[in-house]
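> Each chain, written out:
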Amino acid sequence: MTAAIETSRLCKNYGPTRAVIDLDLVVEPGQVFGFLGPNGAGKSTTIRMLLALQRPTGGRAALFGLDAAADSVEVHRRVGYLPGDLELFPRLTGRQHIAWFARARSGVDGSWVKQLADRFQVVVDRPVRELSKGNRQKIGLVLAFMHRPELLVLDEPTSGLDPLMQHEFESLLRETVTEGRTVFLSSHELDEVQRIADRIAIIKQGRLVAEDTVEGLRRAAPQKMEVRFPCSVDPAELRAVKGVTVTASDGPQVKLDVTGEIAPVLKVIASHDPVDLISRPPGLDELFLGFYRDSPEGEASHAR
Amino acid sequence: MLADITRLELRLRRRSAIGYAAGLALYTLVVVALYPAFKNSASLNSLSGSTAAALFGVTGPLTSPGGWLNGNIYGNFFPLIMLLLTIGYGAACLAGQDEDGTLALITALPIRRRTIVFQKAWAMALQALLLAAAVTVCVFIGRGFHLTVGSGNTVATAAALTLMGLDFGLITMAVGAATGRRGTALGIGTGLAAASYLLSSLAATISAIRPGRYLSLFYWSVGNDQISKGVSLTDFTVLIVAGLCALFAAVAAFRQADLN
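Protein sequences, first through last, are from chains X and F.
Residues 1 to 304 in the working numbering are what the first sequence lists, from first letter to last.
Residues 1 to 260 in the working numbering are what the second sequence lists, from first letter to last.
By construction, these hints were calculated from the structure, which means they are not laboratory data.
Careful: at least some of the hints might be erroneous.
To be verified - Residues from chain X that face chain F, not an exhaustive set, calculated with beta carbons under 7 Å:
| id | residue |
| --- | --- |
| 1 | Leu53 |
| 2 | Val73 |
| 3 | His76 |
| 4 | Arg77 |
| 5 | Pro83 |
| 6 | Ala104 |
All values reported here derive from a predicted model rather than from experimental measurement.
Note that CB positions come from ideal geometry on N, CA and C, so glycine has one too.
Whenever a hint applies, use it, and build me the whole structure from the sequences.
Next comes the structure, spelled out in structure tokens:
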């Protein structure tokens, strides 16, 4: 099956600044793909290249097997896009925006659009300049979903949405992928992404640093442990165990990160007759921050 | 039926386009209504021929119908307002909308970039035509005030001025597409138009720069007293060729442009 998105050695430079570096990404159809990274990591630049809003300095981006730039008209027909910093026309109302975009796309199902607008409780009768960021974002979501595109490219889609609307958005995403369509979304909302994404790619300073399923990433992430012993313990003994990092040690209280097998460290802990042990699986946010901290310096580029 | 982007652009610029047209129409009506009071003023004619008068676009006798219209409308205010409209729109429609962040949504639609440029250029032309039509109608009303100029010349000069406005508007649009900066586009568009105006106006009295007037688009539209003499085929050809060159430059620049 043709990938919804496939990039090969995709690069973008702004003068001497390298914003995206040799990005290889494959997004299979029928999934929610989360694209994570901090500000300036190159997420929006990558998205703009997928939409042919910006031209790559090198490499290639293909959507449905079509070249993002050369076949942009056909690609755009099949893609719904929500820009990161959504800006609408201040004097036009939500209704005017929706009507204009529906007409420009042609063949848009009016009842579906109405359903979308109702679902997101879009304020349709007031000029956009009078609306809050969240209400503008809802209009942007309707514009992205209105033509039931095969692929949705959403840059920070939930920014400004209240929890109720975020929930509505998440259920819309689930319906979308159930129908075999694909969602590619960038986000800072790590909790949200681990709830809704099937696969996740993490980008740092323009480079891909990790790509896997949420479960796969979680397995690779360290387990957090807090142990209390009856008396002080030499942390070096714990540190000597493979895959263990002592993150804090205060007399009888020790905090550990454990990657890989857990049995060896449990044996060492047990030998000291622990009083208390708390172990919790890592959240994606810890994992995410971990990738950022741990990435070798050699990978650092000059991305903005 | 208007194309989608043209329709949207006209919707967005409706107020300003109508405002420009209504304002200039009112001014034109006042000018034509005042003509009977000045048409026998000998002192006014002594003004013409001076460099100061040339600076205001006055090139012939002021009390003749053609001179009165040239000195008060066609030589200065009409092109000024036309250029405000076309250069302003030229800077706003690509570079301005890109800076505002609204262009990305339009460009992500299944529409070719060159079509976007063509539809925006058409929106510019329709706004300019509205302005020209408003002035032309008011000049025709001037016949009730003894201000009689040939119908053909009136319409042709308005058409030539519209073309000149579009030329500078499209140059501004091309600069905006190439740089992505509204301010740069406005600066270059306005600077070129101002230089063109001065070149054409002053060439009438300063012989040293006389050959340079051929470089001025003003010369080919109103600077050669077209309201009295008519607009030649050469005038139209120069104005149209300049506009087509600017339009294709805008298409070429926008096809290569990185958008926000």
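> Now look at each hint and say whether the structure bears it out.
Against the structure, the hints:
1. Leu53: Holds. Min distance 4 Å.
2. Val73: holds, 5 Å
3. His76: Nearest chain F Cβ about 4 Å off; hint holds.
4. Arg77: holds, 4 Å
5. Pro83: holds, 5 Å
6. Ala104: holds, 4 Å
The structure shown violates none of the earlier numbered hints.
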